[in-house]
Every structure is written in structure tokens, then in C-alpha cells.
Amino acid sequence: MNQPDVIVIGAGILGASAAFHLAERGYRVVVLERGAPNREGSGTTAGNLHIQAIHTRRPGQEVPVDSARLLPLQRRASDHWSQIEERLGADVELRRGGGFMVAETAVQEEELREKHEWERKAGIPTEVLTGDEARKQLPLLSDRVRAASWCPLDGYANPLLITPAYLTAARRLGVEVHAFTPVTGIQRVGGDYKVLSGERSWTAPVVVNVAGPWITEISALAGVGIQMSPVAIQMHVTVRVPPVMHHLVQHIGEGMSVKQVSAGNLLIGGGWPAAKLDMEGRSTVSVPSMAGNLAQAGRILPFLGDLRLLRMWAGPLAATPDEMPVIGEVPGHRGFFVAGGTYAFTLAPVWGDTLARQIAGDPPADPVDDLGPGRLLHDDATTPVSP
Amino acid sequence: MAESEADVAVIGGGPAGLHAALVLARGGLSVVLLDESDTLGGQYYKRRTDQLTAAFGDFRPRGTELIHRVRAAGVVVRTGTLVWGAEDAGRTLFTSDVRTGALGRITTRATLAATGAYERSLPFPGWTLPGVVTPGFALHLATMDRVPVGQRVVLAGTGPFLLPVACALLEVGARIEALVELNHPYRPSTSAIGGALRQPARLAEAARYLLTLARHGVGVEQGARVLAAHGDTQVTAVDIGQEDGGVRQLETDALCVGFGFRPSTELPRLLGCDTRADPTGTEQLPVVDADGATSVDGLYVAGDCAGIAGVHAAGVRGQLAAHAILRRLAPERAPVRLSGLRRRARALDRFAELADRLYPLPTTADIPDATQVCRCEGVSAGEIREAAATGWNDLHGTKAATRAGMGPCQGRECGHIVAALTGRNESWAECFAARMPIRPLPMAATVEGQDVP
Ligand SMILES: Cc1cc2nc3c(=O)[nH]c(=O)nc-3n(C[C@H](O)[C@H](O)[C@H](O)COP(=O)(O)OP(=O)(O)OC[C@H]3O[C@@H](n4cnc5c(N)ncnc54)[C@H](O)[C@@H]3O)c2cc1C
Ligand SMILES: Cc1cc2nc3c(=O)[nH]c(=O)nc-3n(C[C@H](O)[C@H](O)[C@H](O)COP(=O)(O)OP(=O)(O)OC[C@H]3O[C@@H](n4cnc5c(N)ncnc54)[C@H](O)[C@@H]3O)c2cc1C
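Same order as they appear, the protein sequences are chains A and B.
Sequential numbering of the first sequence, starting at 1, is according to our numbering.
Sequential numbering of the second sequence, starting at 1001, is according to our numbering.
Think of the hints as simulated: they come from the structure by calculation, not from any bench.
Any given hint might turn out to be false.
Examples of chain B residues lying across from chain A (beta carbon under 10 Å, computed) [claimed, not checked]: (1) Thr-1390; (2) Asn-1393; (3) His-1396; (4) Gly-1407.
Here are a few chain A residues that face chain B, going by a calculated C-beta distance under 8 Å [unchecked claim]: (5) Ala-36; (6) Asn-38; (7) Arg-39; (8) Pro-242; (9) Pro-243; (10) Val-244; (11) Leu-294; (12) Leu-304; (13) Leu-310.
All C-beta atoms in this analysis are idealised placements derived from N, C-alpha and C, irrespective of residue type, glycine included.
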């Protein structure tokens, strides 16, 4: 299939979801992936389904996400996730055990109430509990917890399973997945894009650039200047223990997320920065971030102190200067779509569906015009490259 | 986090680390010697408990003496201390107290990794049954505790190590039902003998073991292998595939199977030094010069973790690395003549090469699909092959797809087999990347260690 309808660049969760949604609509799709699929952001992610607002900032993050703006999309994502195992015909260890977002100070408690208001408006069920009420539901929470918001829709899906499940389902619908196929050039040929990987090439009227932290690089190949800022953040995982905790626990004031996954390991993260971002290989973990993140998690969930840390890793993600996701066709570059950025894991089903609708010329289920790539274009964005 | 400093950190208190620490301390440098076990000595100079020493004598008096000299030379010895991570080219080491979990950080001017080796296991049907152990474990029980691993023992696999283990088992009263060697090392071709003759001491050692075995009526069955172990709750029988293609079943209550040793290279790999495939083609070894210097400036590697070569080579290599570090940090005190040591090292290397030729590994191609490969996560050979067959999984993708290598041992035991079964890359030994912490770390100290207001 050298002349598909759509060429998807990148086989992370967004590429996999986009390919699946496009194939469902009858498009002939080719996915090109540099290495093994699901090795970068999507395979190293914490895998949280953030349905209540994530108002927290990653350590080092300069501006907060616009939570109120994102919530309708999170609401939509929640519906998608509820059906995902059935739609893909796969077990992705989906757990919707609900989640707490804890506050330790009066100011943080106030923030819980503020976001609860936005959530109510978006139709997301949350309630704000006192510390004692929260501890009654989850006795593992420490006395430091002064208040917590509770959302029954928060959850987790196994990142090691979901992207392969999307790809497998897409393949069943005729999608070709070419792993170990790095895109090395993009040329404009008439109304089409010719995408090269070394000696090989594919030509299609539509290209979807979902290369995660490499969005900038892939865009540049097509003469598009898009500004994203790759960062690496880190995760910590304990050895397996019997089931003790069924909920996601986050912190309203600090980057922290803790949950127990199906295999029994506890995953501790929260966007603490890695020591070094390495776009070629694996990024280097930071020991101070480990100490900081674990100390903070142990302050909220003291039982963590009895466990053993099995491993830590760092994964890359692509942030935008405004910390909001990006999705849509690049102005002036007909047929060249990009998608990525903030909470791409949670929003992946929505983004796959949205891209498929945009490519088909249908309106998305929720408007996303304000999240288009126009706002990220460099001043020096060039015109499309012709051969 | 407790902080400390030293001119040189030596990680690993086996023969390589002990010899190195002694040279470094006598050269006037401040040396910290770290080992995760409770006692110094490593694999070869293991320490018996005082009661056992009193009853049966010192296990290896030369080790006792060496340890004594190391302490007397002023080396700061920190046993029960795991080095779980490192950065800054090895100038910063992260430690954890094995008992309390208390974290520490050591800053040094140079680091020598002398972390030794693991035993190599290869899966076969039944290898996870209780009673199936490694030869090293059996030897440990026999020499440290004077306990036989079973009354009737079958020993199998490949490598010279099977011989002393068999002798040690006989000494504590076990019966050796069979000693099954995969290869034909004990009727070597004339050229191989030529190589061995340059190491008469090693040859004599092997001959001594073979004689002891013969005296007990134990013959070495060459060209044979274990096909499967049977039993419900404990191994009770073993199928042995013979040279002529026949299969014979033996009753047994312990089966020791081992295929030599695998270098423990996590720390140097973690620090990103250049690597090359080891002679078995299944491991990535740090590339070192004749003195153990790696491509990472200030990081040295010696002993079995730089390539399996045995206790004598470990000692010599440890000394050479220490001299190189002395030349670097205290040139005025570095010795002039090392030619004897270097000659010895080269001869021992040749002997190690001979062993590599005599004891090649079996192929992994015939591991049955149903056989468990990753014991921690319960992943079978078939599942690994299936994941690789999607066409989109390399070694790391296969790990993610199957969880093979994600358990407590982090692929230390199974990584080389997963790599062989995944087999995308035939030109070099792929292996799982080394990651911090290199062993599971108690979190207590971390979780309580930092109080954020
Ligand atoms: C540690 C961590 C924790 C996170 N936690 C959460 C969370 O809990 N919830 C949440 O919603 N989000 C979370 N995120 C964010 C989210 O997981 C990621 O943003 C998301 O998975 C990114 O998906 P993606 O498909 O856009 O990019 P990626 O998964 O990074 O995929 C991009 C792909 O493009 C490929 N590529 C690059 N260059 C080329 C080329 N030249 N040719 C072909 N292919 C190429 C790459 O190899 C890669 O496979 C987290 C991220 C990280 C790193
Ligand atoms: C059971 C057994 C019997 C043997 N018998 C013989 C024999 O008869 N003849 C012979 O020539 N060879 C024999 N060998 C091989 C011989 O023991 C080794 O070649 C030799 O011990 C290698 O010395 P080394 O210093 O490199 O490593 P080792 O002796 O293995 O010492 C390594 C040390 O490093 C420590 N360590 C590893 N990682 C860390 C870490 N991250 N943090 C802190 N400490 C760490 C370990 O606890 C260990 O004490 C035997 C090996 C074994 C296992």
C-alpha cells in the first residue's frame, strides 16, 4: 500500500488511536514508526485516566493547564474509555476505581472547591470530602490530608496494553503498521505528501504527525515550524504486593500520583523532572527527583515506606508553551495534521476520533478550534517544500 | 542522605576488589570497599560462620589472610552496603544499607567496579520445580553450612565448575547419581591441551577433581544434557538426553544445573561505558584496556564482571586496575615494574579463552514453547516468541508486551534468554538496559528521609 489515504507518523497512543478511528471510517492507513511502537511517551507514561481536573503543576511547569477548558474533553474521554475494551476486543487492564485529589492546606482545599465548580459545569461527578471522610474511604491516607476531592470516574489503563491493542484492532481493519521505519523526509508532490523513510516512500493527500516529542522535527521535514518543548519526567514502581489500594491518589498542590496496577506493583509519579532528556535513547533519571517524589508520596500514603522500589524510569513528553494540547490541520498546509501534548494518554480516544472527523470534514464531537496548531507556528514558518 | 568521600571506591569485596583495595591503600589513597553481603570475600573467599570454622576449619585461609591485610591497610570496609546506582562517571555512588534501607552517597575521584558474576541458568521443562537448583547454591550449602542439597543428586550443564561442586557434595555425604556435561571437554583435542599445558596448576586442579570423582565411582557423562525434570511438588526424576540420541530417566531428589557464569555489568553499563559482546555472544561486556580502564574516564572494571576468568585472573586484574588508578591519582607512589603481573594476566586470559572454547553454550532454539522463561512474571518461551512475531517488537518491545524481565530480578536471570528468543539482532548481544536501582530498594529511608513542610 504505497498510496494510502492517510499516513500516520508515530506509533504512540495517538498514532494508534488515529489509525484505528480512521480505519473504522474506511480510510486506508499506513502507520510509520521509527522504532518499536509504544516505546516513548505512551509506553513510559503513568497511564492515569484523568477525568477530574488536574490542576496541579509538574515541578518546573511554568503555567497551569486551563482546567476549565479541558474538562469537557475529559468528560468525553471518560465515555470513550468506558467502551474501549469492547470496541478493541482486548483486555487493557482498564480500572475505573475512582480517584482522590488531596489537599494539605487551606489554600489547597479552596482550590478543590473551585475546581469542583468547573467539574459540576462540565457534568463530571466529584465531591469534596473532609480529611476524615476521605480516610474513612481510604484508611491508607495520612493525617496530613485535610480535604480531598473524589471522582468515581478516574482510573487507569495499562500503557503496555492499550497502544498495542489499538494497533492490533487497526491492523484487523486493514491498517499497515511499519515499525523500525523512521521518517526521514516529507515532500510536497502536487496535492499530496510523499513521506520517505530512507529508500522507501509512501504518498497520500493526508499526513498525521503524531510523533510526540518529535513533532517539531517531523513538522520541520515538511517545512512547518511548530514550537513544542520536549521534557522528560520520571516514574517509580515498587515490587508487586497483594491488592491494597483501588483508587488513584493525587495531590492538588504538587505533582504526585499513586496507584496500584493490576499486576500488584505501585506506580508513583507526578511529573517530577528527569536528570536529562535524551531524544536518541532513554532519558536519565534524577535521584533528587526520586527522593522528592517518594518522600512526598510517603507523606500522604505512609504504607509506601514498607515497600521496595523496583525500578524507576524517565519518559519524554511534548509540552506546549501554554501547556494545552494541540490538534488540527496546520494553517496553510492542507492535509498536514498534528496532534499531541498535554494528557495525550487520557485524551487519546478523543483525539483519534477528532482527527478522523476533521480529516473526513465532519465537525468534532467537541469544538477544538482554539487548540489548533496555528498558535504554535513560528514566525519563520516556511512554505511547503516542493521537489 | 549520609554523605561521604574517598579517593577511590571499590565496589565488590571478592578477590578482584580485595586485591585492588590493598594495593590502593598501600599506595596511600583513601579507599572505601563496599559489598552488599555481610562479609567480605566474594564468591571464592566466602566466610564460614565462627562455629563452623571452629568445627571444620577455615574454608579458605588465603582469603582470611587477604581480608586481614586489607583491613590492616586502612581500607574503610562497608559490608551490608548495596551500591544501587551511580552517576557522574562513577564519581557519585548511591548506596543503601541492606538492613535498614538508609540511603547514602559517596563521592570519589575514581571508581573500580569488581562486582563479579551470576550463575547462568537455561530453562528446560521442569526447571522451576523445587529441588532444581544452581550448582553454586549447592556448593554454598555444602561448604558454608555442610549440608548436602539432596541425598541423590544429578549435576548437569556445562563448565569446569561442575567438578568442584560434585566433589563438595560427595564430601558432605551426597550420592552423585550422574554428572552430565553437555560438551566434551575431558578428551580435548591436542591443540586445546597445548593451551592448557601453559597453566599446569589449573590442569592439576581439574585432574584432582576428576580423580576424586573416579574414586567415588562417579564418571562424567559427556555430550549429554537434561531434557526435563519431573515431579509434583519437588523434583523426583530427570530425563537425560544421551549422546546417541537415547533418553534415560533417573530418580533423584536434587538436580543442579548450571552453564557457567555471567558477568554482573549493571554498574558500568548504567554509567554508559562502551560495551562489546562477550565470547558466548549473549552478554554485553564493558570494553576495557589491559588495566581495566573503561571508556568512561575514571571508571575501572576488574574481575569476573569484566569477563569470566576465575579467581586468579580476578586477583591479578584487580591489582592492575589499582596500579592504573594509583598512576592517575598518586603518580609519585605508583610502582615502576608491572611486567610480571601483566604476563600473568595474559596467560590467565588465554586459559579463560580455552575454557570458552571447551564449554560452548547450547542453543536456545529448542526451548519448548510451554517452558517458563521469566520466572518472576511467569512468562513462557512461546509467549515471547509470539510477541516477537508481531514484527513490531524488539527486545524492549517484547519486554513491554510480555512483562518478561519486569519482576524483582529485572531480567537479570532471563534477559539473555529473552534476547535470544526475540533475536532481532544477530550481529551483537542485545540485552536489557541497566537501570537504577540495580536491586530493589527498601523505600523506608527515602519516604521518611525528606520532610517537605
Ligand atoms: C512519565 C510520563 C507520565 C505521564 N502520565 C500521564 C498520565 O498519567 N495521563 C495522561 O493522560 N498522560 C500522561 N503522560 C503524557 C502522555 O502519556 C503522553 O503525552 C502520550 O502518551 C504521548 O503519546 P503520543 O502518541 O503523542 O507520543 P509518543 O508515545 O511519544 O509517540 C511518538 C512516536 O513517534 C515516533 N517517532 C519519532 N520520530 C519519528 C520518525 N522520524 N519517524 C517515525 N516515527 C517517529 C516515536 O518513536 C514514538 O513512538 C505522561 C507522560 C510521561 C512521559
Ligand atoms: C560457588 C563458586 C565457586 C567457585 N569456585 C571456583 C574455583 O574453584 N576456582 C576458580 O578459579 N574460580 C571459582 N569460582 C569463580 C570465582 O569465584 C570467581 O572467578 C571470582 O570470585 C571472581 O572474583 P570477583 O572479585 O570478580 O567477584 P566475586 O567474588 O563474585 O565478588 C563480587 C562481590 O561484589 C559484590 N557486589 C556485586 N554487586 C554489588 C553491588 N551493586 N553493590 C555492592 N556489592 C556488590 C558481591 O556481593 C560480591 O561479594 C567460583 C565461583 C562460584 C560462584
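Evaluation of the provided hints:
{"no.": "1", "hint": "Thr-1390", "verdict": "8 Å, holds"}
{"no.": "2", "hint": "Asn-1393", "verdict": "6 Å, holds"}
{"no.": "3", "hint": "His-1396", "verdict": "6 Å, holds"}
{"no.": "4", "hint": "Gly-1407", "verdict": "8 Å, holds"}
{"no.": "5", "hint": "Ala-36", "verdict": "3 Å, holds"}
{"no.": "6", "hint": "Asn-38", "verdict": "7 Å, holds"}
{"no.": "7", "hint": "Arg-39", "verdict": "6 Å, holds"}
{"no.": "8", "hint": "Pro-242", "verdict": "15 Å, violated"}
{"no.": "9", "hint": "Pro-243", "verdict": "17 Å, violated"}
{"no.": "10", "hint": "Val-244", "verdict": "14 Å, violated"}
{"no.": "11", "hint": "Leu-294", "verdict": "4 Å, holds"}
{"no.": "12", "hint": "Leu-304", "verdict": "6 Å, holds"}
{"no.": "13", "hint": "Leu-310", "verdict": "5 Å, holds"}
Of the numbered hints stated above, those contradicted by the structure are hints 8, 9 and 10, listed in ascending order.
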